[in-house]
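When we follow UniProt numbering, the leftmost residue of the sequence shown carries the number 1, and every step to the right adds one.
Incorrect hints may have been included.
[Unchecked claim] Simulated restraints, written as ranges between beta carbons of each label pair:
1. L177 with N241: 44 to 52 Å
2. V184 with S229: 32 to 40 Å
3. V184 with D43: 18 to 26 Å
4. A157 with I227: 22 to 30 Å
5. A253 with G89: 37 to 45 Å
6. E203 with E104: 39 to 47 Å
7. D226 with L69: 27 to 35 Å
8. T165 with D43: 38 to 46 Å
9. V184 with M223: 20 to 28 Å
10. E224 with H182: 23 to 31 Å
Derived from the structure by calculation, the hints contain no laboratory data. Bear in mind the structure is a predicted one, so any value in this text is a computation, not a measurement. Here a beta-carbon is modelled for each residue, glycine too, at the ideal position from N, C-alpha and C.
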Amino acid sequence: MQRALTSALRLTRPWRPLQACGYASHGTARDPEIQVRSLAGPDQGITEILMNRPRARNALGNVLVSELLEALAQLRADRQVRVLIFRSGVKGVFCAGADLKEREQMSEVEVGVFVQRLRGLMNEIASSAVMGLIETTRGLLPGAGGTQRLPRCLGVALAKELIFTGRRLSGAQAQALGLVNHSVAQNEEGNAAYHRARELAQEILPQASIAVRLGKVAIDRGMEVDIASGMAIEGMCYAQNIPTRDRLEGMAAFREKRPPRFVGE
Numbered sequence: 001m002q003r004a005l006t007s008a009l010r011l012t013r014p015w016r017p018l019q020a021c022g023y024a025s026h027g028t029a030r031d032p033e034i035q036v037r038s039l040a041g042p043d044q045g046i047t048e049i050l051m052n053r054p055r056a057r058n059a060l061g062n063v064l065v066s067e068l069l070e071a072l073a074q075l076r077a078d079r080q081v082r083v084l085i086f087r088s089g090v091k092g093v094f095c096a097g098a099d100l101k102e103r104e105q106m107s108e109v110e111v112g113v114f115v116q117r118l119r120g121l122m123n124e125i126a127s128s129a130v131m132g133l134i135e136t137t138r139g140l141l142p143g144a145g146g147t148q149r150l151p152r153c154l155g156v157a158l159a160k161e162l163i164f165t166g167r168r169l170s171g172a173q174a175q176a177l178g179l180v181n182h183s184v185a186q187n188e189e190g191n192a193a194y195h196r197a198r199e200l201a202q203e204i205l206p207q208a209s210i211a212v213r214l215g216k217v218a219i220d221r222g223m224e225v226d227i228a229s230g231m232a233i234e235g236m237c238y239a240q241n242i243p244t245r246d247r248l249e250g251m252a253a254f255r256e257k258r259p260p261r262f263v264g265e
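Given only the sequences and the hints, what does the whole structure look like? Please build it.
Structure (structure tokens):
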């Protein structure tokens with residue numbers, strides 16, 4: 001069991017920094033469905049994934065799901081990425097959910113494959129090793145893990161009520177239930193949620209990257225096991241943190257009462 005846990009918790013190797021890029025259906029350069037950009041200056045370390053499929057209100061179709069998975073796979077291995085933000089390039093909507101019009105044209109076999117890939121995307125977002133992932137979706141789409149994630153978040157009774165009724169919630173209601181951490185009043189530009197996400201990203205950015213990364217791993221892995229196993233996972237994560245220069249720098253900064261200067265290892 002310890003060998004399996006060690007393998008599961010091992011951090012990925014560095015990969016070259018991902019430059020700003022775009023993806024589009026059928027390999028065309030027009031109307032990219034995904035854009036990835038890394039911020040600069042004081043926001044260096046923050047990377048944004050922009051969903052840009054206006055005709056379908058960012059509905060999750062085959063191309064969008066494929067390119068999100070590809071982008072996440074690359075960003076997962078990029079140690080330059082400290083915080084990842086998902087955002088929409090379509091005004092007034094974040095994501096309309098699964099593309100049901102596209103699904104209607106699929107065979108039963110194709111539907112099963114697509115739903116599995118959609119579930120894999122939600123798992124990738126939830127378990128991403130990107131250090132300070134700001135999750136703007138929790139994988140609550142029907143057929144994409146919602147029957148498993150929602151009860152763990154809200155409890156069985158309330159999860160059943162919401163899934164069985166298909167009830168829509170306002171931002172304030174979602175926050176009250178604990179589905180989202182923050183609910184903000186909209187601004188004239190229609191991007192108030194993005195600005196709140198940027199503020200949160202800026203809070204995460206100065207923290208030691210190794211500590212944030214391993215903290216995420218410890219929480220995500222620990223939630224799936226009993227408390228004793230969770231404590232073992234925490235111990236294994238901390239053991240990876242002990243020899244790092246960032247841990248020593250954090251201790252020195254605390255002792256000297258100064259801001260830490262983390263180097264990312």
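Verification of the supplied hints:
At about 34 Å, the beta-carbon gap between L177 and N241 misses the expected band of 44 to 52 Å. One distance hint, 32 to 40 Å for the beta-carbon pair V184 and S229, holds here, with the actual separation near 37 Å. For the pair V184 and D43, the supplied restraint of 18 to 26 Å holds, since their beta-carbon distance comes to about 19 Å. Hint check: A157 to I227, Cβ distance near 23 Å, so the stated range 22 to 30 Å holds.
For A253 and G89, the hinted distance range of 37 to 45 Å is satisfied, since their beta carbons lie about 39 Å from each other. For E203 and E104, the hinted distance range of 39 to 47 Å is satisfied, since their beta carbons lie about 43 Å from each other. The given range of 27 to 35 Å is respected by D226 and L69, whose C-beta atoms sit roughly 31 Å from each other. The given range of 38 to 46 Å is respected by T165 and D43, whose C-beta atoms sit roughly 41 Å from each other.
A beta carbon spacing of about 27 Å between V184 and M223 agrees with the range 20 to 28 Å that was offered as a hint. At roughly 26 Å, the beta-carbon separation of E224 and H182 lies within the given 23 to 31 Å, and the hint holds.
Checked against the numbered hints above, the structure breaks only hint 1 and satisfies the rest.
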